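S.K.: Listed here are the chains, written in short residue letters.
Protein chains: 2
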Amino acid sequence: MSEVIYDVIVLGGGAGGVPASIRAAQLGGRVAIVESDRLGGLCMNKACVPFGHMMAASNILGSLSLGKEMGLGFPEVSKDFAALMKRQNELISFMKQGVKSQLNKKKVEILQGKGKITGKGKLEISGKPYAYKKLILASGAKWVKPEFPGSDTEGAITTDELLARDKLPKKILLYGNSPWLISIAQFLHRYGSAVTLAVQEKDLLAAESKVIRSRLAAALKNQGITIWTSAEMAGVKKEKDGLHCSIKVKDRQEALVVESILGLRRGAALEGLGLEHAGLNKAGDYIPVNQRMETGLDGIYAIGDVSSPESKHYSHQASSGGIVAAENAMGLKSTYDSRSLCRVLFTRPQVACVGLTSKEAKEAGYEVVEGAAPFSMNPLGMILTQTEGIVEVVADKKYGEVLGIHFIGEGASEMAGIGVLALQMEATLEDLARAPFPHPTLNESLSDAARECLGRSIFLP
Amino acid sequence: MSEVIYDVIVLGGGAGGVPASIRAAQLGGRVAIVESDRLGGLCMNKACVPFGHMMAASNILGSLSLGKEMGLGFPEVSKDFAALMKRQNELISFMKQGVKSQLNKKKVEILQGKGKITGKGKLEISGKPYAYKKLILASGAKWVKPEFPGSDTEGAITTDELLARDKLPKKILLYGNSPWLISIAQFLHRYGSAVTLAVQEKDLLAAESKVIRSRLAAALKNQGITIWTSAEMAGVKKEKDGLHCSIKVKDRQEALVVESILGLRRGAALEGLGLEHAGLNKAGDYIPVNQRMETGLDGIYAIGDVSSPESKHYSHQASSGGIVAAENAMGLKSTYDSRSLCRVLFTRPQVACVGLTSKEAKEAGYEVVEGAAPFSMNPLGMILTQTEGIVEVVADKKYGEVLGIHFIGEGASEMAGIGVLALQMEATLEDLARAPFPHPTLNESLSDAARECLGRSIFLP
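Which chain is which? The protein sequence lines are A and B, in order.
The numbers in our numbering rise by one with no breaks, and the one at position 137 of the first sequence is 144.
The numbers in our numbering rise by one with no breaks, and the one at position 82 of the second sequence is 89.
There's no promise every hint is true.
To be verified - Subject to a maximum C-alpha distance of 30 Å in a straight line, what follows is the list of computed DSS-like cross-link-like pairs (lysine-lysine):
#	chain 1	residue 1	chain 2	residue 2
1	A	LYS149	A	LYS209
2	A	LYS217	B	LYS113
3	A	LYS75	B	LYS177
4	B	LYS404	A	LYS75
5	A	LYS209	A	LYS178
6	B	LYS75	A	LYS103
7	B	LYS319	A	LYS86
8	B	LYS257	B	LYS245
9	A	LYS405	B	LYS112
10	A	LYS340	B	LYS404
In short, the hints are calculated from the structure, not lab data.
As the structure is a computational prediction, the values presented were derived from the model and not from experiment.
Only chain A is shown next, with the shape it has when bound in the complex (with noise of 0.2 Å):
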């Protein structure tokens, strides 16, 4: 047994992770951080850099429409996909380095090795003991390829094989429910693979508003993606010539060809952890926790994907909820709202939503009042026709509290960042009514779409 009490240890270099062990070392803490595989977690590693980073090349060869009809002229692009990874890998590593000299700058010791609880107090990395007096368990997600019938096939990939490659499928059928699936398919179908996307829900992204469910499906109908929803594998069959996938959706057939299949689903790391020995025997999805992030054991709190559905992975989510963490963990008293967390999809347009839809917000009980601004209507929105685009508000009708806001279009993940600021600070329809956005940009609409919830937009007919 090693001689030093850790003040904190937290299991997981990745988004919760690093900030929780960095906030609690800044609290005065001797502070470790247990990592197995690789600094950065699977945001960095696999997820949200690598997809950023494609999503970026994607949508600038998205903008090139736009610049046609301004009287721009690329003849001839061409897209080098090996390229494309060579620098994602080189970022990758980048930014590696930079979390690992953040943690050595802000005193976080790395130990290298899988943590695994032992007893009250107890850690074992690689076989060596550890003692704590907190424990952040902060081991994240992964990806889990899903089981579906011919899943096994010879073919049927997940996404760390598809970021290995150096060229793409020409033909790939992208299936399951994650809204990763969806991103893919976007940049997949930019760089030349022919796309078919099949969501076992009704709809794409199916938990959100009618109006970004439909425009979404819409504008991505639009650029020559397939979209089948409702579907459900029936099988697959591995000829020369491909994968031959048989597919139902809703109450018709259907046959289809491929190269490649990419079924995904994130699922919280829990294997391993030695949870039994802490005391948390009964096997969840995820680990619980309050807005605390406390999981009820004695002194180990749970943050970010471990601790979340698969719903609400999001990186935002565990390092605000790793800050939270660490500073309950060192004594302070601190909680996470998780109102006010954005749910984030980096295609063209971008889709971005804060809070409640008005079907939930009527579930929890509140008079809803809605309005909606159409980028279509917005100076800036008719110079980058953004006819797609469009910001929703939700409001509870008797204090004019703002319970959700919901965007798509160009740039909605930025300005959702106001939706996140109101909903954090409680802002009513008439604190967005009256904030003077600048002109011209897409942000103007949201004041009007909450003037047209008081009934009194301004330039919406």
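Given the coordinates of chain A, work out where chain B should sit on it, guided by the hints.
M.R.: Okay, now just chain B, sitting in the frame of chain A:
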């Protein structure tokens, strides 16, 4: 004299007048809007919209270098300025039609002509008398050709002449202090003109923080634009090969031969309003107003550019003030707080600043705390090679109230919406520090800049 007495007459159908008239009509008033020239005003016809459109095209060109880094190839990009202008003029016509139809739907009468106050409650439009209870002056601004030695020479043009061209000058000097010149410089440069930007002030955007100023200047210089500061035109001589300009730049003398000189500034459109008949005899540069948009003259309000110094000529100030003026004219009690006015520049990188610089905050007596987070340390910033980008936060040390937020970088104009709301809602550093902005976005850096102010940044060295 017409028998009708309007509850509100709005003089000027631009960015301020249109929302003012609609709001007054919403509140039950009989309302007329007077426009002599073109609905939409300077903003829609000659400034924000046309230059916003041009900057949108310019920004697509600007994004290609990132695309190249990412393995995309764009051989032989062609730029058709005439096609851009054609789309632009069609767009403006479409928007103007939209404004007209909005005014009709919202029951605002449109009176064509130039309005002139003739006495208390009395107005003449192209000679015909009208009566009102309340008057809102919204005549806006006009481009003023600045006077300098040689400003009368043929080839010294205004933006109106630039917008009327279908070919761009090969070599151009932009001379003056207006921030508009900076955008225009970048546009012209991207479209192939050799551009020299000579400003009289010590720096581009002289009133902004040093960080913003220096990053903007460095970015433009890197792109290939020649910038001269502390510049004073000594003379212009037209010769066969072009306009020979002699310019004193700091303590040296520069000579430059160009095809055109573009000089511009904006001035409040005060002329011919008949202010003397309302009792306003002292001619200043603009009509001062209080937070209720009252001029001090009985029943007369003024909004937007006609009531602001050139540094505050922003359409969003006009529209926000317009709504406030309309509400007060119709008997409500409403105020506009210009603290959250965003100063925005649609260059690439964009600049968007809300609130005080640290210098201004210190002068106002605050004990100031500052923090900045460069986008080069932000994950999306790294993906997008945002080496020029940064966000700065200025706050009051004692209570943590946020006093200023300044962005430079991609999407700054949309991110600035967070700053607008933050200042309006009197957000504290803690609010920003804890805001779970979505990942990966640039606005995550805003949280870290706020945490830097609090001495606990997570991702900064």
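S.K.: Look at each hint and say if it fits the structure.
M.R.: Each hint, compared with the structure:
Our distance criterion of 30 Å between C-alpha atoms is met by A/LYS149 and A/LYS209, whose separation comes to about 25 Å. Note on A/LYS217 and B/LYS113: the hinted pairing holds, with a Cα-Cα distance of about 28 Å set against a maximum of 30 Å. Straight-line distance between C-alpha atoms of A/LYS75 and B/LYS177 comes to about 23 Å, which keeps the hinted pair within the 30 Å bound. Between B/LYS404 and A/LYS75 the CA atoms are separated by roughly 50 Å; this puts the pair beyond 30 Å, and the hint is violated.
Annotation: proposed proximity of A/LYS209 to A/LYS178 holds, straight-line Cα distance about 24 Å (limit 30 Å). A threshold of 30 Å between alpha carbons decides the hint, and for B/LYS75 with A/LYS103 the separation of about 24 Å falls inside it, so the pair holds. Annotation: proposed proximity of B/LYS319 to A/LYS86 is violated, straight-line Cα distance about 44 Å (limit 30 Å). For the hint pairing B/LYS257 with B/LYS245, the CA-to-CA distance comes to about 24 Å; that is within 30 Å, so the pair holds.
Taken as a hint, the A/LYS405 and B/LYS112 pair is honoured in the structure, with Cα atoms around 28 Å apart against an allowance of 30 Å. For the proposed pair A/LYS340 and B/LYS404, the alpha carbon gap of about 22 Å is at most 30 Å, so the pair holds.
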